[in-house]
Amino acid sequence: MWRWVRQQLGFDPPHQSDTRTIYIANRFPQHGHYVPQKFAENRIISSKYTVWNFVPKNLFEQFRRIANFYFLIIFLVQLMIDTPTSPITSGLPLFFVITVTAIKQGYEDWLRHKSDNEVNGAPVYVVRSGGLVKTRSKNIRVGDIVRVAKDETFPVDLVLLSSDRANGSCYVTTATLDGETNLKTHIAVPETAVLQSVANLDKLVAVIECQQPEADLYRFVGRITISQQIEEIVRPLGPESLLLRGARLKNTKEIFGVAVYTGMETKMALNYKSKSQKRSAVEKSMNSFLIIYLIILLFEAILSTILKYAWQSEEKWNEPWYNQKTEHERNSSKILRFISDFLAFLVLYNFIIPISLYVTVEMQKFLGSFFIGWDLDLYHEETNEKAQVNTSDLNEELGQVEYVFTDKTGTLTENEMQFRECSINGIKYQEINGKLVPEGLIEDVPDGIRPHLTKEEELFLKAVCLCHTVQINTDQTDGTGDHLWRANGISSQLEYYASSPDEKALVEAARRVGVVFTGAGPDSMELKSLGKPERYKLLHVLEFDANRRRMSVIVESPSGDKLLFTKGAESAILPCSKHGEIEKTRIHVDEFALKGLRTLCVAYRRFTELEYQEVEKRLFEAKTALQQREERVTEVFNFIERDLVILGATGVEDKLQDKVQETIEALRLAGIKVWVLTGDKHETAVSVSLSCGHFHRTMNILELVQHKSDSTCAEQLRQLARRIKEDHVIQHGLVVDGTSLSLALRQHEKLFMEVCRNCSAVLCCRMAPLQKAKVVRLLKTSPEKPITLAIGDGANDVSMIQEAHVGIGIMGKEGRQAVRNSDYAIARFKFLSKLLFVHGHLYYIRIATLVQYFFYKNVCFITPQFLYQFFCLFSQQTLYDSVYLTLYNICFTSLPVLMYSLFEQHVHPHILHSKPTLYRDISKNAHLGFKPFLYWTFLGFSHAFMFFFGSYLLMGEDTSLLGNGQMFGNWTFGTLVFTVMVITVTVKMALETHFWTWINHFVTWGSIVFYFIFSLFYGGIIWPFLHTQDMYFVFVQLLSSGSAWFAIIIIVVTCLFLDVVKKVLYRHLQPTSTEKAQLTETGTSINCLDSMCCFSDGETACASLRRMLERIMGRCSPTRVNRSWSSTEPFYTNDRSILTLSTMDSITC
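When you line the sequence shown up against our numbering, it's residues 1105 to 2253, in that order.
Quick caveat, the hints were computed from the structure, so don't treat them as lab data.
Please read all numbers here as calculations on a predicted model, not as lab measurements.
Everything hinted at is true.
Simulated restraints, written as ranges between beta carbons of each label pair: (1) Glu1739 - Pro1887: 41 to 51 Å; (2) Gly1477 - Ser2147: 48 to 58 Å; (3) Thr1154 - Pro1227: 22 to 32 Å; (4) Val1645 - Ala1303: 31 to 41 Å; (5) Ile1207 - Asn1651: 54 to 64 Å; (6) Ala1303 - Glu1256: 15 to 25 Å; (7) Leu1773 - Ser2147: 52 to 62 Å; (8) Arg1653 - His1217: 45 to 55 Å; (9) Gln1333 - Glu1358: 21 to 31 Å; (10) Pro1887 - Ile1337: 52 to 62 Å; (11) Gln1851 - Ile1443: 50 to 60 Å; (12) Asn1157 - Glu1222: 21 to 31 Å; (13) Ile1406 - Phe1474: 41 to 51 Å; (14) Thr2021 - His1484: 22 to 32 Å.
Where is the CB? At the ideal position from N, CA and C, for every residue including glycine.
Please build the complete structure, drawing on both the sequences and the hints.
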């Protein structure tokens, strides 16, 4: 019973066998004892909360925060014992913080529920009761037969039963799973391939036995047992039979498949990483600071309690005549009294821990996140997409990134291949207006006239059209009559699908210049050369593999010649070539590569009848061998692909997204290392890395690929480490594939990390989705604990995005899985630079100052309370009125720092964007380190001592500050300290502000004015709902004293003067690069101070001081700015950021 309960709650999952048995169409056996297996529902869940667990789970997560838990304890203490302050002073702010945070997180999770419901509610067609039934995706059960039409996404993992093709094949693109946009062929077993109608499928009696769900996308082991009359036929099932959820059906009208894995058991879902709460480095720093302040608080409370009992050890202070103890107090336990007094002091000083800090930080993050969506520089007009914020908790983390992990396909590239150049028989050609034109020659052939092709050009183009795996969309080629052809014999309506985007680009280029691939059958290939149809018999296909790095076809031409056409990497083709313009082709290939083009070489071989018979014999023997079949086939392929005649080479551009190269270079300048993690092939990935600037041409490329044993992998790693030490001056790039990476991480993690750390760029290819996440986790958990960012556009990038400290989704062509599971979403990779260098930089500076300032002003607030106990016999008398205690953080000092944290621009956004090196100034959490923390804490204590003892010097000896001799009391003294404190901490915030708007002026000076007005009303009127009013007429009398006004001015100036002097000295003697950027030098000898005010080089110190005061007073308006940049610095004239809050163009600059 207990085990059943645990299973229902999910703590003790039931035992599962290694295989699952699936009855197609859920036709369970009618005889014998059969217990149906339980399978997961077909629901995808990316949300974190449910209606039932939201309150307990959210409260648990919030009270994990030290400050929240601490204030809960304080609130409970105030409820239990008699304390100097009301429980409302702790309970109300705590309730407000918890409520605001819960609403924010609940709203974000509601958006995730909404997107999940869209996916789970998608319409699908299922075969039930002899017909097609329309239902929702979430209602599909394991065993259901599902129909999927062309261009639809598979809603579950299916085993293919049949398609509209006679051989049961279909074509699928898995771009959202592994990033590959090529077409993959899947085949049904022959016995089910013939069942192409719903009626026939409904009669099918079959059972599938397969492995339990696993994350590996490329592995599937199973078998299908088909009952036909009196016999049972068993067929093996492999990856070629499995259609994965998230993949898309292409070039096939419809397919039928049986659901084997559903919901969170699909391979796509298993490659998701569970959603976890991400915490920024700033929040971790805040928790560390809170612990230190908690120690200070406990020290003050313990010291006050000890000193109280030390003081009361004298009889006259233990029970003075004016404060006699009751009988109960005399007989109470000393230990209980000590604990009670300690808790009372704890409550009295508890405001040193600023709970309002969390409120302000939550508001700053939530409101500040809107600036990213409003930034028009992050808006992509072509797709009408603006930047999107899914999690506002990590804004400041954008300013701390040290590693960027990026996908390739759809993130760095547009997924569009374009033919650029080719080399034929030693001559370079370019395509101009659909014609091949030799380099340096520009022909202008009128449209409608067929281009003339030489014999070599025609043979080269035929090789391109025959040696490939391209498929044609049959829906558009039912007729190949003359209506499909223009006057020059070129098809305008053929739609190609390819297993390689390069092949598609080459076949399309050949079509444009007159040689058109028109179709392929099981044993033939057809093309039209300048309008003349030709049919080639397909004899053999020598498939591409990573070792040979080439593919070939053997065909019989219409004239009866046996021809071998081969294409592949130049390193695989040129060494096998014996004839043709080999050296010229090699030179042209190098030239293409230097332009960043993807290169392929094309060659051919003509067989004699005897040679072909030998080839035929060897191929048959190798392919039918039972032992060492792969090695023997490779050996035969190498025997065939020799003595080649080189025809030429091609240069295809994998179209990069706009400004990818500039963005990667800017990231490097900012001190950020870029890793490319892709599921693509080794050659493709390296080519794109070179073209996008991830790898430089001068970089020494190291490879860790194709290792199948621990020993060889370890030896290669040791060799790479030695090479890096020997060539320490040269920049290194590392290429590693998924298999080698698994071996490296198994036992040689430290050695692998050492090699990676010494490389400027790392490229990981053939990566499974979970491997991407493992690489990110490897860097996250390394001793340096760097901040990581992952960016991708497909479902295969979701695990990586969720694992990284910051996850960014690209709104690309591969669906919205990455966007839904990311923290931020942008339309193009180039927007990453502004997101980090401008938004990330500013967010970090703002929140770092906000956190430090909050601790500073609370130290200023509570330290006088502690000092006051030395003058009141530690009687726990409060220095401030309870209303002032409650409103200090909520009203009097909260708005200036909140507005600062929303609008501050210590450096102009243009400069931050154009000078990525400024990003280094804030790396490694520089502004929230121990030194800045000590400085702000010391400043808070020193200011607090000045407040208290400055006021004490005024009132300590003579409390009669009015002309009539009337004396002031302790409430007046406390109010004087409080008034000086409010003014000082507010003006301190003003001194920290570099960018002034009318909002900043309004809240800064308005906060001081509000304090005075509130105090006059609060103390000037007898309020009937207050049972005591200690402050009646206190503030009015204080302000009527000239001495009090003099003391306020002197104390405020004294406190801030030393701070200003320190800032000026450091700024002139040890300026940081950020401070230098605030004084941007130009060729015209004009310097720009901060983001608004400018002054000439010849100004005096007094003039500079006047400028500073003008800036503080807000008199430096944009209309008076004479901003300049030197001609060598980039200036973004199209910057339309909401952050600037003012119109600035290149004319005013």
